[in-house]
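Undergrad: Chain order of the listed sequences is A and B.
If you read the first sequence in my numbering, its first letter stands for residue 1222, the second for the next number, and so on.
If you read the second sequence in my numbering, its first letter stands for residue 758, the second for the next number, and so on.
Rather than coming from a laboratory, the hints here were simulated on the basis of the structure.
Mixed in with the good hints there might be a few duds.
Said to hold, decoys possible - Just a sample of chain A residues kept apart from chain B, beta carbon distances all over 10 Å, derived:
{"no.": "1", "residue": "Tyr1283"}
{"no.": "2", "residue": "Val1366"}
{"no.": "3", "residue": "Pro1473"}
To be verified - Below, computed lysine to aspartate or glutamate pairings styled on EDC-like, alpha-carbon distance capped at 16 Å:
{"no.": "4", "chain 1": "B", "residue 1": "Lys1188", "chain 2": "A", "residue 2": "Asp1237"}
{"no.": "5", "chain 1": "B", "residue 1": "Lys980", "chain 2": "A", "residue 2": "Asp1293"}
{"no.": "6", "chain 1": "B", "residue 1": "Lys808", "chain 2": "B", "residue 2": "Glu848"}
{"no.": "7", "chain 1": "A", "residue 1": "Lys1356", "chain 2": "A", "residue 2": "Glu1303"}
{"no.": "8", "chain 1": "A", "residue 1": "Lys1308", "chain 2": "B", "residue 2": "Glu809"}
{"no.": "9", "chain 1": "A", "residue 1": "Lys1484", "chain 2": "A", "residue 2": "Glu1520"}
{"no.": "10", "chain 1": "B", "residue 1": "Lys1061", "chain 2": "B", "residue 2": "Glu914"}
{"no.": "11", "chain 1": "B", "residue 1": "Lys1184", "chain 2": "B", "residue 2": "Asp1119"}
{"no.": "12", "chain 1": "A", "residue 1": "Lys1327", "chain 2": "A", "residue 2": "Glu1295"}
{"no.": "13", "chain 1": "B", "residue 1": "Lys860", "chain 2": "B", "residue 2": "Asp814"}
{"no.": "14", "chain 1": "B", "residue 1": "Lys1195", "chain 2": "A", "residue 2": "Asp1237"}
{"no.": "15", "chain 1": "B", "residue 1": "Lys1184", "chain 2": "B", "residue 2": "Asp1093"}
{"no.": "16", "chain 1": "A", "residue 1": "Lys1371", "chain 2": "A", "residue 2": "Asp1421"}
{"no.": "17", "chain 1": "B", "residue 1": "Lys846", "chain 2": "B", "residue 2": "Asp906"}
{"no.": "18", "chain 1": "A", "residue 1": "Lys1332", "chain 2": "A", "residue 2": "Glu1303"}
{"no.": "19", "chain 1": "B", "residue 1": "Lys760", "chain 2": "A", "residue 2": "Asp1293"}
{"no.": "20", "chain 1": "B", "residue 1": "Lys980", "chain 2": "A", "residue 2": "Glu1295"}
{"no.": "21", "chain 1": "B", "residue 1": "Lys831", "chain 2": "B", "residue 2": "Asp862"}
{"no.": "22", "chain 1": "A", "residue 1": "Lys1436", "chain 2": "A", "residue 2": "Glu1462"}
{"no.": "23", "chain 1": "B", "residue 1": "Lys1192", "chain 2": "A", "residue 2": "Asp1237"}
{"no.": "24", "chain 1": "B", "residue 1": "Lys845", "chain 2": "B", "residue 2": "Glu809"}
{"no.": "25", "chain 1": "B", "residue 1": "Lys1195", "chain 2": "A", "residue 2": "Asp1278"}
{"no.": "26", "chain 1": "B", "residue 1": "Lys760", "chain 2": "A", "residue 2": "Glu1295"}
{"no.": "27", "chain 1": "A", "residue 1": "Lys1436", "chain 2": "A", "residue 2": "Asp1421"}
{"no.": "28", "chain 1": "A", "residue 1": "Lys1287", "chain 2": "A", "residue 2": "Glu1227"}
{"no.": "29", "chain 1": "A", "residue 1": "Lys1229", "chain 2": "A", "residue 2": "Asp1278"}
{"no.": "30", "chain 1": "B", "residue 1": "Lys808", "chain 2": "B", "residue 2": "Asp853"}
Glycine included, each C-beta is placed from N, C-alpha and C at the ideal position.
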Amino acid sequence: MNNLLEIKNVVKTYGDFTALNNVSLTIPRGSVFGLLGPNGAGKTSLIRIINQITMQDTGEVYFDGKLLAPNDVEHIGYMPEERGLYKSMKVGEQALYLAQLKGLSKSEAKKRLKYWFDKFDISAWWNKKIEELSKGMAQKVQFIVTVMHKPKLLIFDEPFSGFDPINAQLIAKEILQLRAEGTTIIFSTHRMESVEEMCDYIALIDQSNKILEGKLDDIKRAFRTNTFQVGLATTNPNEVEAKLKQLYAVSPADFRIINAGLKLNVTLKKGENPNDLLSFLTSQGHVQHFVELVPDVNEIFMQAVNKNS
Amino acid sequence: MSKLKLIIHREFIAKVRNKSFLIMTFLSPILIVVMGALVVFLMKKNDEKVKEIVYVDASGLFTKEIFKDSKTVKYQDYTALGLTETKKKVENGDFDGVLYIPKKDSLELLAKSIAFYSIDSPGMSLMNGLEARVETHLRNLKLIHFEIDLMQIKASEIASDIKMFNFSGEESSKLINGLKIAVGAIAGYLLMMFVMIYGTSVMRSVIEEKTSRIVEIIVSSVKPFQLMLGKIIGNASAGLLQFFIWGILLFVISIIVSAVFGIDMLEMQASKIPEDQLNAAKEAVNPDKLQLILQEISRLPILKLFVLFIFYFLGGFFLYSSLFAAVGAAVDNETDTQQFMLPIIAPLILGLYVGFATVMNDPHGPIATICSIIPFTSPIVMLMRIPYGVSWYELVISMALLIITFVFMVWLSAKIYRVGILMYGKKPTYKDLYKWIKYKG
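If we strip away everything but chain A, and leave its shape as in the complex, we get:
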């Protein structure tokens, strides 16, 4: 079974409101899967179904090849967007309690917690109450209680919100380490830069529907526009531009480069070879800039959402 999680035709309604409309997703084992979508798209509804906090109306969820069962919560770690811990409970007791709820024995939980507390250098906090900790400190505790039972599937809802850059980096490192150890990770976010860095796969949910799903590279490929940004140092830019316009679709470009007489976006038609464009340009002057314009996740996101609405 290469897919840890398979979601098939899931529908979820709240009264008259449809939160998820026939959504299917496949999440490969050991991947970092970005679940993207604007606020209110249905991401959290889907995550709650995976966590068995709520039940879908119709459709199935398969975890590790079998229908999702109550005991599977022990193999899932979930960090919700709204972080929370018992404020007046001591850090150690709280972590032990949450670990035991995830099915760990008390002694095993203690061992794992010691490992993580040492790793994050926070052993001194064991007997402190959460309300005595700073927000950043509490976030570390939150991360530990999410991952300490070594879940097969980790779900992070907006994982970096609330972390300062240093802690965010620390957490990102730990997440990638967990993936290297074989953990499958779902990222739910609308912060696209983290997606670009970490995700292997993405799915886009908008207005209760999945509108896009696949390997990040494949999606980018699908969204490529065959447009090249070129910068050319030439003595007669107007003449070159006129010639280019006869051959290709050309639009003005705006980028920063020194010494370029001509700056243009050139869009190739299907089947046209960028090498032909490049050799034409070299015959006209010094090529200083030649880049294919690949949309970043943010643009894909915007395009897809706009197309959907």
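Since the structure of chain A is already known, use the hints to place chain B on it.
TA: Relative to chain A, chain B alone:
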């Protein structure tokens, strides 16, 4: 099941470790005893102040024999001085009051013409005492007038106690009603207190989990239903422990206080009853009757009472606290709970009212019977009725209905709870709650 245990354990520990819980547990009994002792002490002091009453008997029918001094009142005969002069003395503060008995043609007329003058209006117990003395004497005078031998009257007094049986074999007696009232009232009142204190504590604990946002993490590990049940049981255990400690502490402290200050705790109750009535009560309890009462007590089904008390106590608490949990889940903060509290508290209070108003007069009347079967009032009303003996089929119906309603309400509350704990921001209306109940899964 072990997850439920974990939750119960956490809820129990969280509740018990709470500072206000500790303070309440150990301070309340001390406060209660100290207040009680203070009241008794003040009353004693009050009683020690002997009232001096004078009487002017123009009729010549009363003697010093009738106005015997008691512990709190001293009587003096000022008939010789006349009413006007005596009144002046009272006005000067020499005496606390003057009783004037005029001369009238008939005893009936006399009975209505006796007057009492004082600067401050006299207390109830003083007036009751005076009236009792006057009435007894006038009655005796009438009996003599009808040539009835007082000795014969005295000799003809007989203690009668009609035993009441119903066809399920329960036996009761009017005499022991006081005890039954006490047992029922205490049980019903305890239950209401318990529901109010620990039901709202369940509610607060739900709200706390919501505001600290940990609830989403918890319900990703356990079912909301388990969490709710764990909370209810955990809080109930903490509450029972607190009640238990209160009981022991009250007992111990009472003994200590009465030993140190020489105050008989029983006096706390007794001192509320005017002395004359107390004496009357003591007179009524002649050895024969005392034995009857003891027999009755031993005949009370103690074990049955205890088992049913536990059943209705826990049943009532679970029923109500599941509602409190649902309210806690529906709102974001405690101020928003008001609109949902009334429908929960109303049946509780109704139960107590019905209990005090109807059960005591007519324990098997229609209102008491109906209310002891309707699940929302049954825990309190039935607890009050049980000492009087309730037929087994009524008990079965009432208990079955309570269990069914309890399961249904827990299910219903769990539905509201499940949706509510993840809802933030909007203050829900009853319509919203209805919608939540209809959500699937």
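Undergrad: Has the given pair, B:Lys760 with A:Glu1295, been kept, meaning a C-alpha gap of at most 16 Å?
TA: Cα-Cα ~12 Å, so holds.
Undergrad: Taking 16 Å as the top limit, are the C-alpha atoms of A:Lys1436 and A:Asp1421 close enough?
TA: holds, 6 Å
Undergrad: Is the hinted pair B:Lys845 and B:Glu809 satisfied, with a Cα-Cα distance of at most 16 Å?
TA: holds, 15 Å
Undergrad: For the pair supplied as a hint, B:Lys980 and A:Glu1295, confirm whether the alpha-carbon distance does not exceed 16 Å.
TA: holds, 13 Å
Undergrad: Taken at face value, is the distance from the CA of B:Asp1093 to the CA of B:Lys1184 at most 16 Å?
TA: Roughly 7 Å separates the two Cα atoms, so the pair holds.
Undergrad: Is A:Lys1356 close enough to A:Glu1303, meaning Cα to Cα at most 16 Å?
TA: OK: A:Lys1356 and A:Glu1303 at ~13 Å, within 16 Å.
Undergrad: Verify the proposed pairing of B:Lys1195 with A:Asp1237, using a straight-line Cα cut of 16 Å.
TA: This hinted pair holds, its Cα atoms lying about 11 Å apart.
Undergrad: Between B:Lys808 and B:Glu848, does the CA-CA distance stay at or below 16 Å?
TA: The hint holds at about 15 Å.
Undergrad: Are the Cα atoms of B:Lys860 and B:Asp814 separated by 16 Å or less?
TA: Holds: B:Lys860 and B:Asp814 sit about 8 Å apart, inside 16 Å.
Undergrad: So if I understand the rule, the pair passes when the alpha-carbon distance is 16 Å or less; does B:Lys1184 with B:Asp1119 pass?
TA: Violated, because 44 Å separates the two Cα atoms, which is more than 16 Å.
Undergrad: Hinted pair, alpha-carbon criterion (16 Å max): B:Lys1061, B:Glu914. Please report holds or violated.
TA: violated, 37 Å
Undergrad: Do the alpha carbons of B:Lys1192 and A:Asp1237 lie within 16 Å of each other, as the hint requires?
TA: Given pair B:Lys1192, A:Asp1237 holds - Cα atoms ~10 Å apart, limit 16 Å.
Comparing the model with each earlier hint shows violations of hints 2, 8, 9, 10, 11, 16, 17, 18, 21, 22; every other hint is respected.
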